[in-house]
Structures are given as structure tokens and as C-alpha cells.
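Protein chains in written order, with full-length UniProt numbering: chain Y, 1 to 382; chain B, 1 to 382; chain G, 1 to 382; chain D, 1 to 382.
Check before you lean on any hint, since a few could be wrong.
[Stated by the list, open to error] Restricting the straight-line Cα-Cα distance to at most 30 angstroms, the calculated cross-link-like pairs of lysine-lysine (DSS-like) are: (1) K180(B) x K60(B); (2) K143(G) x K99(B); (3) K164(B) x K164(Y); (4) K143(B) x K99(G); (5) K99(D) x K143(Y).
[To be verified] To give an idea of the chain D side of the interface with chain G (calculated C-beta under 10 angstroms), a few residues: (6) A9; (7) E61; (8) A62; (9) D108; (10) P182; (11) V233; (12) K236; (13) G259; (14) P311; (15) K320; (16) P339.
Just so you know, these hints were derived from the structure itself, not from any lab.
For glycine and all other residues, C-beta sits at the position ideal for the given N, C-alpha and C.
Number of protein chains: 4
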Amino acid sequence: MAGNSFGQAFRITTAGESHGPGNVVIIDGVPAGLPLTVEDLRVDLERRRPGQSKIVTQRKEADEPEILSGVFEGRTTGTSLAILIRNTDQRSRDYSDIKDLYRPGHADYSFDAKYGFRDYRGGGRSSARETSVRVAAGVVAKKLIEQEFGGRVVAYVCQVGDVKANVESPQAVTLEQVEKRPDGEPNIVRCPDLEAADRMIELIDECRKAGDSIGGAAEIVATGIPAGLGEPVFDKIKADLAKALFSLPAVLGVEYGIGFGCVRMRGSEHNDVFTADAEQGEIRTETNRHGGMLGGITTGMPIVLRAAVKPTSSLPQEQKTVRQSGEEATIRTKGRHDPCVLPRFVPMAEAMVAIVLADHWLRWRGQCGTLTAARSNEAAGQ
Amino acid sequence: MAGNSFGQAFRITTAGESHGPGNVVIIDGVPAGLPLTVEDLRVDLERRRPGQSKIVTQRKEADEPEILSGVFEGRTTGTSLAILIRNTDQRSRDYSDIKDLYRPGHADYSFDAKYGFRDYRGGGRSSARETSVRVAAGVVAKKLIEQEFGGRVVAYVCQVGDVKANVESPQAVTLEQVEKRPDGEPNIVRCPDLEAADRMIELIDECRKAGDSIGGAAEIVATGIPAGLGEPVFDKIKADLAKALFSLPAVLGVEYGIGFGCVRMRGSEHNDVFTADAEQGEIRTETNRHGGMLGGITTGMPIVLRAAVKPTSSLPQEQKTVRQSGEEATIRTKGRHDPCVLPRFVPMAEAMVAIVLADHWLRWRGQCGTLTAARSNEAAGQ
Amino acid sequence: MAGNSFGQAFRITTAGESHGPGNVVIIDGVPAGLPLTVEDLRVDLERRRPGQSKIVTQRKEADEPEILSGVFEGRTTGTSLAILIRNTDQRSRDYSDIKDLYRPGHADYSFDAKYGFRDYRGGGRSSARETSVRVAAGVVAKKLIEQEFGGRVVAYVCQVGDVKANVESPQAVTLEQVEKRPDGEPNIVRCPDLEAADRMIELIDECRKAGDSIGGAAEIVATGIPAGLGEPVFDKIKADLAKALFSLPAVLGVEYGIGFGCVRMRGSEHNDVFTADAEQGEIRTETNRHGGMLGGITTGMPIVLRAAVKPTSSLPQEQKTVRQSGEEATIRTKGRHDPCVLPRFVPMAEAMVAIVLADHWLRWRGQCGTLTAARSNEAAGQ
Amino acid sequence: MAGNSFGQAFRITTAGESHGPGNVVIIDGVPAGLPLTVEDLRVDLERRRPGQSKIVTQRKEADEPEILSGVFEGRTTGTSLAILIRNTDQRSRDYSDIKDLYRPGHADYSFDAKYGFRDYRGGGRSSARETSVRVAAGVVAKKLIEQEFGGRVVAYVCQVGDVKANVESPQAVTLEQVEKRPDGEPNIVRCPDLEAADRMIELIDECRKAGDSIGGAAEIVATGIPAGLGEPVFDKIKADLAKALFSLPAVLGVEYGIGFGCVRMRGSEHNDVFTADAEQGEIRTETNRHGGMLGGITTGMPIVLRAAVKPTSSLPQEQKTVRQSGEEATIRTKGRHDPCVLPRFVPMAEAMVAIVLADHWLRWRGQCGTLTAARSNEAAGQ
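Construct the entire structure; sequences and hints are all you get.
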């Protein structure tokens, strides 16, 4: 009810604030027998953590995960899996000057309106710090879908300000391309179009120097997903994926397939034509304007989503605002904020999409994995 | 788990197919004492029903609701409220020709992949027919939020194909403007910019004549919403609203506030400035690029959302496709489909948004309505 | 939140009152392909309905079910299944005399305290009438567990007042024994010990003539249940079964296996000894004091539960009470009430137990049906 | 779905095993502003912990709680509250001898059947160790109901073996009586009838010396509970309380009010008569055979429940069993187990009952706290 859980069959519940002891996630529903180590968790946490490159916030947080339960001898036990990431870089200082100031674009005012009081030392529960344990849970989800059916989720930055990446085949983009340049150097902006990547970095750097920030968009692609995942009415997989992405901080828009482009299209140019693979007899579509989902259920085609992410609200330049009392004031955020959220948004978005896919896979197993024999027999008997 | 429920405190569960006996919704969580009649339900059902104007499908469905429970002497009793809408216009005919054909853009193939067999007489559970009972539930939600805090939800068509409406102040649009033209004639396309409305009608009509369909977008605005609704992490109200809209058929994108426009903006131009109303001491923002929600929690400013709706997939012109066996085939949908979904999408979108607001209001009451006295006392004591 | 749903993977949601148009259940999560007809539903509804014998209430209710959705060509489609049972025997009369009277042992006062007003024409939502649709849902659950793994649920009356049945082997009792006597006559009290059954009938009849009612107990036995159903902590299957039975009207106590008898036992005499079936290598216990569940998870042994059911609160004799105003009054319930609830409780208890088993089976399929191959391979590799 | 969460509006999710790093609970739904310190948590944890007296297990576990989130400046913030209790007494040793042995009365076999493998170093997730964090969550629930409406929950041991306590007025028993004898010495068996307490201690000690264990029962009483909590159908408060108690290890039976005693009663002697308090106009019942709940909703009378708890399954004497392979074997549990669970069961039972009451209170606030003004006005207008 208070919204700290997500998913049904693969269900995560989180707790933690930016300036408290740490963040914790309990993952309920992980099947027994999945290999899992702390090292696995570190890979994506490293991609999300502050201080990883010059274009992200320079806060130093180790983000070292501890598995508290649910793993025995390197494999999941089927019981609830808890992961703790302690906070280590909360600089102790005097917060009395910002205690009652409402930072523009932040949840300070909303929180006060809702709860009557709040942890004013930072974003508290609304800080993006809580996404660290989402990313950890996402690693478990990614391992599950890969082991179960070879599913993969890869995200990348497709736009920053006016700089758009040119990505011809979203489903062909690899994690390696997103993370590394051909010369082995890190792809710090996580855009597979390297020419655009360079311009994005330049733009982000320019904003940083100007004491400003910049928005952008990410594309998330899931491949190897079997047809049949998702539910026909409210839990359409497009609806759950949208909720997952909108639950991330700073997301103002989500679309899939042709997305908002459909507004100007006619049905005859929009519909994807079904075809049958001559050799395998497998049914697919010639084009993928439907982004891998029809009627809210996967078709077996790649799932392609895009999310719009607003520019960071915390700015080192002076902004006008008010205090809790209504008194006018100005605020200038002291350093160490991301001039552009997108590079660190990529692993968060991957995590949430993987969690939805793991959840719907387990749901499918429960409901649709049954009576299969009966159905096959009946089909054979006809 | 199978996704036929939506909401937590105000929770709807639905059942029904296009060619079965009817559709039913159970609404769980309606507080006792809310006035409700069948006549109330009819108002929005009339706005959703087929055959209401020349630019929508010409199927004739009465959509007559029956309240099966939860209302006594004209008021809700606090127990579960069930509403039944029987199907009346399923023409009995021979379906053997389309039994194994996969209609492009429809869920036929997805359903077969998921369930192994399906009701081939129409969309079955994937038909938009199921939205009739959502609209009925939406009426209850609208009444609840209006009675509780004067909340209102109004939607309208803001784009069809290339025709964009010019709506200066979304929060000023009234239901009356959406439904009626100044001359008393019905505003059949439900666009408050009458000049644009005329061009939209023309465009839809042109598509209809060409045996084609056209996409569009709707804007949904909620006003009178108190600050503090929504949960900080997964059940951000933006996330639940997005899920609600994406759960409607044909929605390919959702955004709020400045939406995808944020991608090109800098933080300094994007942030809305907080101000305090001098007289009432109330805190608000000067602009509303944040669309009424910060940190996933309402700010008291109008909530503004937009949804992209794809062109109807059923077309009276011939389309290429395959049969279940993989064999190539063509399909031509026989008449009576909407050339543009948008005019009938408006009440559906309003219903889903109202349901989310009613749900979060009751959740707020449960969690945040408590300890208020304690908080006030404490505040007073400081 | 308002408690009109039960179960997770096999989830029922109900609505309806005693004096409204009817009762409806939506079952969400039924796998596709299960054969189901209205005739199937009638079997257990007939066992629950009023007027079936001289020892139950003489109200005449047809309890005719209508399947509104979720079944096509005689099989479930995998989408939500709705069943409607209309009320037919609400005699229209003047209720003004009982409008504000609190019937002893009933929920009239509780409802007023909770909701502020209530449907005073009968029990409203608290009437046992709502169990009709639970019984219908139970039929679907019974069919599912029988088809999936040969599971069966049989209940019977094991005590009425001081008359205790002597049932040596609960798991050997058949539905036929519960329903019919060897001479083909109906076993109207549903007790398989026929000698005790005769004395129960006599006792019930004596109470009926005295304008009184009598309590009793039922035993519910599930056989053919695979080991491994149930969850380790909160959703122990014993906990879900207890909730299911306690959710039925008039149940004041539930126990399983040796139950309250354990209070006086020592560990050395209580523990059931594990053995291995020499031929099949299957592990079982020599005795079944654990009632088929250890650690909240099934062991493969028969599940044996008992429920205590209070005497009917409505009595044709005069009882003291108060009005809503606090004014003293007397009440005498006019006719047609069950002198003993137990014979009609049997199908209700079976239904609820079957629903829990179906639910946990589908949950098991989702969580534990995965990675099995991986586990087997690993086991083989060792 | 995997059952590691309990409650809806006040919802706890737990993780942890007996031999892992620790146990953690996330409590979701705690209203903001509730005073809470680690010291508060210690009180009940001390009552639950091993080694507290000579009649419980002599394991030494500190059970030191750490609040990871959700509390700021000594008060809850309204966001999710996480509490971690690390394990400290897992003696490292060789488990190879018991790795594949099925301990009688334990969940070893059930777990293997369910998950395919298990943490064999102890009970793992089925160990009563997980109840430590339930007790911590119970403290939060107790504080909430006390602050909100003066509600209190007190439990005590009412029977051990054949020794029954004589407690005339359950609602008059105080926490002080349960914890301390008049001479200030601890009441180590937690039975308020001191004469019975002495005999219980004697019996438990006798069992301990004989290498055996003994069963018993506890009574749980909640006072100060407002009328109107609980839902009419599936979430009857009796059903949720029963589930809560049955979810605790070793509980084989639960009853409330007159409980199984109702089986032999007639309606005329069973029904409690309603009366109105002359001075306050408040409605109550003369007797409390209904245990404070009618129609599954509280009546304002004290809630009285009883739970039957089986004798500890782990015994220092030799017991027959089998290995995973089916091979026969014997097992003798090495020391440090409770000869009787009851004294430590008391705080666990209190915690679970308090959690259900806190949950239903918040649910009531959400659903029934609304429209109150409307109802009052309407009532006034009549």
C-alpha cells in the first residue's frame, strides 16, 4: 500500500534513504538453484555508481553489496533473498540552512505535504540512492531470464539535448558496445553511436561548466523473449514495463515500438505484417512497429522501449524558491550532482525491465505452464 | 496474477469477452454512503458506446448497466459493488473462415502463443469491449473524488494525424466544452479547439472512406487534487497513472507535464519555481512543466497527461497475414470498426485516471490520515 | 483491501448480498483448457442450497449459476471466469420492525459500527448467501487439482452437539459415503458413521422443535496432494487453510492433524516417524499426527483439518437485545433458518480447501516448476 | 507469492535463515510521526531471545536490532522501515552427518520436496529464528495501536501438558503479571496463575531431564479495540488473526471466544446478549463467548484467542528416521533446544496479533474513515 514493493511472482521490496545507514532489498520469488555471487551483483552496481567518470556526479560511494539471505553454497535457495548496501559517503555537516527550503524540481514540498515532516539531510527516500538496490535485484532478474530462456536486456542512451544517436538496429546493440569503445576505453556516455557519443559528452561537459544540467532519452531493448508473456487486461506487459520505467526518478515519458510516432500514422502503414519463417515454421512480423507486444502480450519480436529523462533538478547555480513558511528564498546546490542523469540511468532502466520480464515469466509458468499436456493431447487428437 | 484486477484500496476486478454473455466489474473498497444510481453510470457509458456518431463504429450496443450489489437505498454500503453490462449485438454467424487467421495489429497470435487456444469469434478478452465496465467503475471513482475533495478529471482529443489542437490552458477545459459545441450540437470528436475539431472530423471521415484508420493523442487533466497523493518509490502516482493508461488498448506512449519535450531542455529552463500565494499562504509553482507531480507525489498543481493512440488495426481493406499453420493469407475486416479510436478513448482515459486518483486518495487516508493529531500537536509544541 | 478477494494465483473476488439482485464471483488465474460446464457447478451448489432436506432451512432458492465469461466451447480460456447466481427467494415485506434491531450473534451491530449504515433486510453482505459463489468457485478448483495431480477434497460432519462420529480412517471416506447411504437414500446430515448420523439427525430435529439450534464440527480431508505445496513463512499452507476456513461464517476454531490434542503430548510420542516405501522409494510417515503438513509445507500425506461451527444465531424463540438507540428490545426470528449449519457447511468447507490447494499448486508451478532441469542436471552430475 | 510478506496496509516482508548473516524485516505502511527507538525494539526481543531462563534453550543470541531506514530524529518518516538482526551464535562445525537426514517433525523433507535442495546447517528459513524480526515488527505495531486508540495486546501461557491455568478474566491480565511475580522475580513460564506456573515449570524441567519436550497452549487478549475492524467476507478479522497465529511455527490449532466449546452448545445458551451502557449509551454484550468478533468484525469487546503449540520436535533422545536416499537412520539432536516452546511463544503471538490489528486499523482508516462527514450530516438530517 505504501508502494515499496514491485512485482508479483518476482517481487522486490526496498527500504533505505540517502543519509541513513543503508539501502536493502528483499527479493521474494527467486526460484531455487540459480547461481549467484556478490561478484555478479557488483557488475551492474559499478555501472550505476557515482564517480565512475568525469560526466557523472563525483560523489564517492562504494556501493558494496552484502547478501543477507537466500543463497547457500553459491546458489539461491528459493527463500527470500535480501541484499544490503550500506551508505558510506554521507558527509556529516550542518543542514539547518536547507532544513525548510523547497528545492525546485525535487520532492521536498510533496513530502512535507504528504507526511508532515521529512528527513531534510538530502532526498531521503526520494533520493536516487534507492535505485542501487533495484540494480542489484535487476542482476538477479537478468540471470534468471538468461538461464530460463536466453533473454537479454540492453539499454543505451539515444539522445542528450539535441544530439540524437543513429542506431539502425536496436536489437543488435550489445552490452559490450554500450560499455566499451573499440579502443578498449570506457564508453562513458553509454551511447553505441560513437560519433553521437562524443557530441553528447561535449554537451554534458558544457552544461556542467555552465552550472546547468541537460535532459535526454534512453532506449531499452529486450531480446530472446518468448511469445505469450503479459496479461490481457490490466497487467499488459506494456503497462507493467511503463510503470517500471516511470517509477524511476526523473522519467517524464515512456513509449514503445513506434510510440508517439503512431499519432500521425494510418492503420495501413502502421500494422506490422505477420509472416511465417519458412524453415522453422515460426511466426513473426516483417517489421516491428509494435515493439514486441500486441494486446499487451509479447509476440516473440524484440521489445523496444524509450524513456524521456528530465535534466537534473539540483543545480550549482542560484534558483528562486520558497521556504516552508512561504518566505521567498534562493538555493544553490553544492556540487557533486550529475550534469546529465542518462549514463547512470542505463543500468537502472535495464534492471527494471529485467524485473518485469522475470516477474511475467514466473507468472506465465504458474498459469500457462499447466494443462499443457492436456492441450497438446487434445490438439493431437483432433 | 492473471491481471484482471487494478488498484489497491479502490480495486476493480473485471471479466468478460466481446462475444460472451457480458462484462462484469467488481469494485472493492468503495466507502459507504456514496450516492450512486444506474443513471449516473449511463452518462459516461453513453460517451463510450459504439454508434454514438458518424465518426465512430456503427455497431449498436446498448451498454445498459445493472448494479448487482453494494448499493442500498441509493447509496453505497461499503461492501463490494458489482456492475454487469450484457452484450447484445453479437451477430451470430459462421466464424470458420477467420478461426485460424492472425489479424495484423491484434492479439490473436499473442493469445494463441499464451493460452494454446482462444475464443476466435472476435477479440475475446482482448476486445475493447472490456473497457465498458472500466468506464462504469470510473464513474464511481469520479463521484468519490468529487465528493471527498472536489477533484475532477477531464480528457479531450488533442491530436488526430497531423491536426493538432491549440489548447492554451488544459486545466480550464470543461466537460461541457468537450461534449458540446456552443450551438448545442455534440462535439463528436471531443476536441475543445473547434476549428481543429472540424479538421479532425474531416480527416477521420477521409480515412473511413479510404478504408483506412488514423492515430491520435488525448490529453487528460485532473484538477482539485490535493498535494501528497502517491508513494515515493514504486507506486509513484506518475507510475500508476502511466500503467492505467497503457493498460488501455492501442496506447503506445504516455507522458506528463513537459513530457518528451524535457529531452532537449536544460535544468535551468526546466525547473518550475515554487511560490507562495500571498493571501492563502499556499505553496504552488509558477509554471507546471512538472505536470502536477514531483517525486511521484502530487503537488496540488493540475495533473496533465498525454497518451498516444495507434490507428485502429481492423481495416476494411485487404491486409496480408498468415494462418496459425503459417500458411499465407489475406484478411479484410468486415465493417463497423472505428476509423479513429480517439473520440471513444476520452471517457476510457478519464475513467482510468479517476480510478488511480480514488485509489491513491484512499491509500493516503489509510496511511497519512493517521497520527495527524500527534503531528499537529508536536508542531504546535515547537 | 476491503477483503472481497481470496487467493493469489487462483484468486476469487466476490460480490453480492442476501436481498440484492444476486451474487457473483470472478475467478482469476484459471489455466486455459480445463473442461467446465454449468452442470459441473450445479453438483456442489445442490449440496449447499437451502431446502435440500428436512434438517436444513426450508427457504427455496434455486441457486442457478450462469457462466458470464472465461469459458469457450466447454473449456476455460485462461481469462477471468465470472459466475452469477441470482437471488430468487427474497420475500418482499416490511422490514421497518427490525431495521434498527441488533440480532444476537449476528453482524448487525458490527456493520453499523463499521459502515455507519447497512442493508437491514437481512444479513446483507454478512449473510451466508455469499457462500454460494464460493462453492461454485470451489468446483473449478476441485476440477483443476483433480486434473493436474489427482487431488481430491472430501468433508463430512464429525460431531453435532455431544454426538461424535467414529471415523477410523479419514482419508478413506468417499464423497459417495458422505452423500448417500447404502440403501441409496441421501445421507442428509453428511456423516459417514451412519449410526452417529441417525443420532445427529435426531438431535437436530429435537433442537428444531425446541426453537433452538445446535453446534458441531466438520472434518475436511485432502488426498493425492503432492509434497512441496505451501510457503515457509507467512503463507504456510496450514495458515492459508485456516484463514480459508475461518473466513466461513460461524467458524470459531480450526485445527489440523492431532490439533489441540498436542497440548498434552510429549515430543517423543508426538513426532511422526519418517519411513521409505521399500518398493517405490517414496518417503512418508508411519503415522499422520502432523496432518499432512510440516513447516507449513505439504508432505504428501493426507491433509486432515477440523472446524468448529457455532449453533445458528437466528432462533425462532424470543431473545433479548437492544436497538441502535440503545433501547432494550426482544427479537424472535421468523422461521426458515437452519437448526444446524453443519450439513450445508460441508460443501463450503470443501470449496475453500480446494481453492487453497489450487492456489498453492499454481504458485508452486510458478516458483518451483522452474530451474528443475538445472537442478536435475546438477544432481545427476554429482 | 512466495509468502514472505504479511499484511496489506501495515505490511511486513522478511528474509533470513538460522545460519546466514542475519534476519531482516521491511515494514511498509507505518504512518509518519510515530516515536521509535532501538530501545523500544529490545524490550520484546529480550522476551523472545534464547537463554533467558533455565526452561528455554540455552543458545546465546544477542538479538541486537539495527534500524536501517524509516526513522529520523526518533520518529518514523512514513517510508519503509527496515530492521536487521544479525546472527551471532552459529557455531561453525561439520554438518556432513546430518546433511541428508530428515529430522522428525521438521521441515527438512518438505523443503527438499519443494526446492530440490536446502541449507542443511539448521532449519534455514524454517527455523524459528525468523520470528525475531516478526517480534521487532510487532513492537512497531503495538506502539501504533496504543498511540492511535489505546489498544493493547497481552498473551500468556494457559496450559502446559495437563497443567491448566485458572484465569478468570483474560482481559484483566497485565503484561506485568505475565513477566514478573509479585516478589519481583521473573515469571519465567509467563503464566499469570502462579500456582499453575510453578507446576508448569516443574513439568517442563521434568521433560527436559527426560530428554523430551512438552506441548501447551497460549491465550492472547487484545483490549481497547474499537468496534468495526475487519472485513465482511474473506478478510474477516478472525480469519486474519488465525492465519497470523498459524503462520508461527508449531501451531496446530487456533480458536477464539468459546472456540471448540461451541460444538456442544445450543444457540440459546451460546448467543451473547447485547446491552447498552446506561451512562455512555455504548453498546456491548453481557458475556463474551463471541471473543470480540461478530461477522468477522470487532464489536469493541475484548478479543480472546487461544493457540495450541506442539512439543518441540528436536529431542536429545534417539529418534528413528530416514535419509534422503530412503535409507533408515537414527537421529539425536544435540542440546540447546527448548523443552517447551510456550514461554518464548508468548511475545511472538502478541506480535502477530498486534500486526493484524495495526493492519486492519489502517485499512479501516482508508476505507471507513471517509465520507464520515457525509454520513454524520445525513444522519443529522433525518
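Against the structure, the hints:
Between K180(B) and K60(B) the CA atoms are separated by roughly 22 angstroms; this keeps the pair inside 30 angstroms, and the hint holds. Of the supplied pair hints, the one linking K143(G) and K99(B) holds, its CA atoms being roughly 28 angstroms apart against a limit of 30 angstroms. Note on K164(B) and K164(Y): the hinted pairing holds, with a Cα-Cα distance of about 25 angstroms set against a maximum of 30 angstroms. Our distance criterion of 30 angstroms between C-alpha atoms is met by K143(B) and K99(G), whose separation comes to about 28 angstroms.
For the suggested pair K99(D) and K143(Y), the alpha carbons sit about 28 angstroms apart, so the restraint of at most 30 angstroms is met. Against a cut-off of 10 angstroms between C-beta atoms, the interface hint on A9(D) holds, since the closest Cβ of chain G lies about 7 angstroms away. Evaluation of the E61(D) hint against chain G yields a violated restraint, the C-beta minimum of about 19 angstroms exceeding 10 angstroms. Checking A62(D) against chain G by beta carbon gives a least distance of about 23 angstroms; that is not within 10 angstroms, so the hint is violated.
The interface hint given for D108(D) is met, as the beta carbon of that residue sits about 8 angstroms from the closest beta carbon of chain G, less than 10 angstroms. For P182(D), the interface hint is violated, since its Cβ never comes within 10 angstroms of a Cβ in chain G; the closest pair sits about 27 angstroms apart. Because the smallest distance between the Cβ of V233(D) and any Cβ of chain G comes to about 5 angstroms, under 10 angstroms, the interface hint for this residue holds. With its C-beta approaching chain G no nearer than about 5 angstroms, K236(D) sits inside the 10 angstroms limit, and its interface hint holds.
The criterion of a C-beta within 10 angstroms of any C-beta in chain G is met by G259(D), whose closest approach is roughly 4 angstroms, and the hint holds. For P311(D), the interface hint holds, the least distance from its beta-carbon to any beta-carbon of chain G being 4 angstroms, beneath 10 angstroms. Given the 10 angstroms rule on beta carbons, the hint for K320(D) holds: about 5 angstroms separates it from the nearest Cβ of chain G. A hinted interface residue such as P339(D) counts as satisfied when its beta carbon comes closer than 10 angstroms to some beta carbon of chain G; here the least separation is about 9 angstroms, so the hint holds.
Checked against the numbered hints given earlier, this structure breaks hints 7, 8, 10; the rest are met.
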